[in-house]
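Trainee: Take a look at the letters that make up each chain.
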Amino acid sequence: MTALLPRRGLAQILALIVILAVDRVVSPQFFDLRLQDGRLFGSLIDVLNRGTPVALLSLGMVLVIATRGIDLSVGAVMAISGAIAASLADSHGLPVVLAAALGAGLVCGLWNGFLVSVLGMQPIVATLILMVAGRGIAQLITEGRIVTFSSPDLVWLGNGSILGVPVPVAIALGMLILTGAVVRGSALGLLIEATGGNARASELAGVGTRAMILAVYVWCGVCAALAGVIAAADIMGADANNAGLWLELDAILAVVIGGTSLFGGRFSLVLAVLGALIIQTMNTGILLSGYPPEFNLLVKAVVVLAVLLLQSPKLSGFSGVVARLRRAKA
Amino acid sequence: MENSPAPSLLEARGISKSFGAVRALQEVDFTLRAGEIHALLGENGAGKSTLIKAITGVFPRDAGVIRISGEEVAPRSAKAALQAGIATVYQEVNLLPNLSVAQNLFLDRQPMRLGIVREAEMRRRAKALLGGFGLDIDVSAPLGSYSVAVQHVTAIARAVDLSARVLILDEPTASLDRHEVEILFDIMRQLAGRGIGIVFVSHFLDQVYEISDCITVLRNGRLVGQRETASLPRLELIRMMLGRELAETTSVRAATGEHQAREVCASFEGYGKAGYVAPFNLELRHGEVVGLAGLLGSGRTETARLVFGAERADRGQAKVEGEPVRLLSPRDGVRHGFGYCPEERKTDGIVAELTVRENIVLALQAKRGLHRPLSRREQDEIASRYVKMLDIRPPDPERPVGLLSGGNQQKVLLARWLATSPRLLVLDEPTRGIDVGAHAEIIRLIRELCDDGLALLVISSELDEIVTYSDRVVVLRDRAHVDELTGEAIDISNILAAIAADSAVVAHEGRA
Amino acid sequence: MKGLPPVLITAIVLVLGFALCAVQFPNIASTRVVGNLLTDNAFLGIVATGMTFVIISGGIDLSVGSVIGFTTVFVALAIERWGVPPLVAFVAILVLSAGFGAAMGAVIHVFDLPPFIVTLAGMFLARGASFLLSTESVPITAPIYSTVSDFALRLPGGGRLTAIAIIMLAIVIGGALLLTLTRFGANVYALGGNRVAANLMGVAVGRMTVRIYMLSSLLAGIAGIVFSFYTSAGYSLSAVGVELDTIAAVVIGGTLLTGGQGSVIGTFLGVLIQGLIQTYINFDGTLSSWWTKIATGVLLFAFIALQQALVALARRPVAKSAGAAS
Amino acid sequence: GQLTIGFSQIGSESGWRAAETSVSKQEAAKRQVNLKIADAQQKQENQIKAIRSFIAQNVDAIFLAPVVSTGWDSVLKEAKEAKIPVVLLDRDIDPSGKELYLTAVTSDSVHEGEVAGDWLAKTVGAKACNIVELQGTVGASVAANRKKGFDTAIAKHSNLKVVRSQTGDFTRAKGKEVMESFIKAEGGGKSICAVYAHNDDMMVGAIQAMKEAGLKPGKEILTVSIDAVPDIFKAMAAGEANATVELTPNMAGPALDAIAAFKDKGTVPPKWIQTESKLYTAADDPQKIYDSKKGLGY
Ligand SMILES: Nc1ncnc2c1ncn2[C@@H]1O[C@H](COP(=O)(O)OP(=O)(O)OP(=O)(O)O)[C@@H](O)[C@H]1O
Ligand SMILES: Nc1ncnc2c1ncn2[C@@H]1O[C@H](COP(=O)(O)OP(=O)(O)OP(=O)(O)O)[C@@H](O)[C@H]1O
Ligand SMILES: [Mg+2]
Ligand SMILES: [Mg+2]
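Protein chains in written order, with my numbering: chain Y, 1 to 330; chain U, 1001 to 1512; chain Z, 2001 to 2326; chain X, 3001 to 3298.
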């Protein structure tokens, strides 16, 4: 577990704290929590709950980016898996529904991974193909409608709670731990970082770089599919037109805010998820603030820039001071 | 040289530079006079490259002043240094493989007319410029399609042509062969004759004594001293660099003639690839060092890549311990217990961002597979063992390997493969850029490994080095294996004779 | 030279694709459709030219779509509401957009931040700013608009080469010349080849970065003006998602996203390939919304796969002849 | 012979849009018209391209559901030059282009907002009422108009006040998310008296948010939204929604009739064929309407 904990990440934590504080200012009841029908209720829970899809996406995305790739198709994959889950929900049990939806994500990931690692396409165009076509496939499944369902099992995935914690949040946490355990518990993490850091050198050191690349796209597809199922469960319907729309950009943003370079190499799962939370904390704050929606994007731009500047290696800001202190101690 | 001491051209006083906790330079002084060739020497990681970068402003200095002809300058970028009259060839060939050779030579100073680059004129000048270095190549082809040697010559030619007052060359000869070194030295002498001051970094002491007027030695980021070359005995110089005596390690080869008795580790019959290397036969035995000798572009690296599995052969049969095997990828090579230190460590070797520890365990981990991860304790143990064994500096396994000096990166690569306990190790230019101490160390290590039963295939452009440790030497020419020398036959003149057997080929075109 | 083989391959792919489409819909092989292709994709061609510089230099610019949107709104408001003469409005917006790009470039260089994210923030900023200006679409009635949009060179066969198509062709040619013939162009390739090395060779990396993003935003501004000619209106939601189309066009045109290689002409061909895909789907006219998306994806895949196959094919004979020679 | 008509559709961004497409197909089939639908994926440039290619194919008429009200002059001029009549569906375009199209079959979205506002004012009566508003996509003209109409209607009643207004992008997920934060910001939702959503999808999401917060939509909190998609009737039948204003998906029917008459007899239709903005409430047997609308492709 210690391997999961960030060694860097002070800038991110600081950013989160600052944004939380701003949220508290615009909305005095921001930190209020109470139990509502056996489920925690409050803005903080909203942040976690609404942040779940992007957090899940960023878990897969961070691995893809670590190999120097990028996956633009995650939003479309969300739509596909949501559509499949919603269409099967009322006629099949939850295991079948989940297997089908996650299986679809796996196939999508395999496709992307195949294009990138076997055909050698540039990741951004390779996944652009599925980004465009995938939403079409999702719409094909739903025929452009919002397919609703009432299966209590699936609804529980979106709206239920375990010990007061919303199920999506528990799932995201579970996935974080699972991914962390797989990646850091095996040699996968090292080999992925090596592949992203220098693919040629890693190949020559005997690393199966193609297999690594295939694996991360598959995992990214699965994570996206899970996010899609949760998004569908949340609104008790699959909205193939809008589910996951533009979320790929949020996921990439989360990963970068989490300090992982788009040029591959070192990555941190925890910080990527933290990045997703930072984004959602900002979004929720915007919604609570009561400003007219015309300002949303401006606020977002300013916050993103501020968070990035905080991390800038060139800015001897907070992180620089801390790093220096730590070095002095060492 | 002139008798009266020339005025100081470049003067650096009290230069200090730290990278975090690492104090790379502490109060270093350096004086270069006009018309002087000044060698800057020191062990790997002594701070030579850092001093150069601090002078040219690539790294901001923590302290110190720089004067050119007595006038204080403070370049803050490579461009500013150029404008101040300092032209530099940095250690890692810093050119642009995607641009044409001509563009590389004239980047940012192309001949222009009406805001438009005069391509033809630029190509003409590029051809003429490289011609002066004995290089006759297509200058409109991308630089990346040429060998490292050509790239290095290009970098030098560019710096020379900048007609600056100070020319700094950081290990320019590391990947050049004798002939090119001769040409370079001629040019350096000419430039010095014109009053240009030249700083020359090298680990080849022969070259230092051949060319330099004056020597400055650094050790652990501090100035040890500055001496006239003529009055500095070699052993004294080595003591200055290492801070101790160097044990004489020019060990003789193990008893020769017994190699027939050794067991064959790997053999290649009729092995080759069309358009890459002509089919060859090669037997590598346990406890034996086979050297590959040849000119640049003769196919040594290609042979190494085929043997390791980095390139697929399209004919011939490979056997490991007598069993036929197929080597389709580096993974196959690794699986059969091969290791390969490529010559281009920056692009093919290190993963710059990862730590020394991670770089060292990488091949071993890849060999063990995903499911059997090395625990952190095992990793630490392996890393610290090799850091100590190979004297990697600074001895911090958690340092990103990209921040190490060139020679130390090379040692990390060697450690990576030693950690896999290979049966066959292929070393492509293992001593390139390595200091005298480490050089001796690596040669000793090669012998030791060999005595432990490892089979070694070593490529080196240093013929005396090859002669020192090889039990057998395979000579290549024009991408074909042309001769094999064993036992007493192994000496420099025989190798040269084999290389030059077809003397017409000496004009070398380094195109890959 | 270095850009040629990929460009040639892209050209072959385009011609092949065009021929296949024309076999199925003979109407496609008309000057009218070709003229439409140029007109309809004029703004895309212009931004893609700028994007080519950015991508070759190893960066990316996600803000272009929003800059187009902002430009249309700004121009429309300036002309219609604020009573600014059109040409003054154009100059103002070009200065503004160039400044915007320069600022992004400066942030990227000075703070050493990834271009992807800085320009993503730029994308939010420009779109947000256009919302602030006006959320309604504003029609432009200035006479220059009808003059420009009515102007067209008649091509034989009923096609029209419109003013905006001509502007686009001029910019593509200008961009190609700038990239291949000038010191600036060489430095762009140098930056993409290796930033550190370029810096050590004396290229003023910071100034180049600022200029490259400035150029991209400036061209996005011009594309915005062209877009406003195209639609005679300013609308804050126009050109949403254009950045991805642009990147796709650049990459299809043979430019490597890792930087250092590529060409403006290739990009232009990439734009035409995308336009052709769109035209084909429109001619078919039986596709539902989802089949349109799927078909677009499949065609995109087909073109890229064809290109890769041609590249592989182009490589093979070389190896063979070399083998024969040895 | 058989008429060929090109229909430049916006996309399929919502269930309503999908229904419009499928109803259009049905209506065309009924009249044996060959309807070519080009889907613009929400992009004006794609619509312009589509119209150009319809012209190149020499269709008999063009239907256009414009994504935005401006920017059609030059392409519609081309259509006019090619003597192809154009009918606008669902949304109007900028007044300067009136002579460029034959007729427009549209609803008045300002009016829709007014109908919603009037209903709310009437239902609330004199008591003070804090309204929260879920807007459509920022910049979309429908969103602006529905806001304008609603604001006009409630401006006459000083007891009605919009206390919060955010965009829910016309989607369920965003509608739910925004409503969640409205509830938090308004003291757990106790002070909210009514929700107005620019479309039903957002309202469906908002209803879920209210239920999860322990509120009773339809009873404690009034709801009124626009479009009349089937799912809102389901909610209405369950007593969780109060009112919706219909936007009929059948725009193509009247348009086809107008074109047929124009082609056969040269009858020039009126410039604007307005569709009805009918208000539905729980009194209208929502279950029955749900069943009848379910099959329309929403
Ligand atoms: N960018 C950097 N960041 C951190 N440490 C650095 C950096 N560059 C060099 N160092 C450290 O500074 C010290 C001096 O390195 P330098 O490259 O100057 O050695 P050198 O004398 O040139 O060695 P070599 O002969 O191997 O090239 C080394 O310990 C190295 O690890
Ligand atoms: N398939 C390949 N992939 C990557 N690099 C290669 C490949 N083949 C050769 N090279 C590189 O191209 C360069 C040209 O090789 P060259 O013909 O000079 O080999 P060589 O005889 O080993 O010469 P030297 O080692 O002295 O540079 C070498 O630096 C080699 O590393
Ligand atoms: Mg050095
Ligand atoms: Mg070699």
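It is worth saying that the hints were derived from the structure and are not from the lab. The structure displayed is predicted, hence computed values, not measured ones. Ideal placement from N, C-alpha and C gives every residue a C-beta, glycine not left out. Any given hint could be a false lead.
What the hints assert, rightly or not - Per label pair, the in silico range of CB-to-CB distance:
#, chain 1, residue 1, chain 2, residue 2, range
1, X, T3004, Z, V2095, 30 to 38 Å
2, Y, D90, X, D3151, 54 to 62 Å
3, U, E1092, Z, V2110, 42 to 50 Å
To be verified - Which chain U residues stay away from chain Z? Per the calculated CB distances, all over 10 Å, these:
#, residue
4, A1078
5, G1085
6, R1124
7, G1132
8, R1158
9, R1227
10, S1384
Trainee: Next, verify each hint and record whether it holds.
Mentor: Structure-based check of each hint:
no. : hint                          : in the structure
1   : X:T3004 x Z:V2095: 30 to 38 Å : 48 Å, violated
2   : Y:D90 x X:D3151: 54 to 62 Å   : 41 Å, violated
3   : U:E1092 x Z:V2110: 42 to 50 Å : 25 Å, violated
4   : A1078                         : 5 Å, violated
5   : G1085                         : 13 Å, holds
6   : R1124                         : 16 Å, holds
7   : G1132                         : 20 Å, holds
8   : R1158                         : 8 Å, violated
9   : R1227                         : 30 Å, holds
10  : S1384                         : 31 Å, holds
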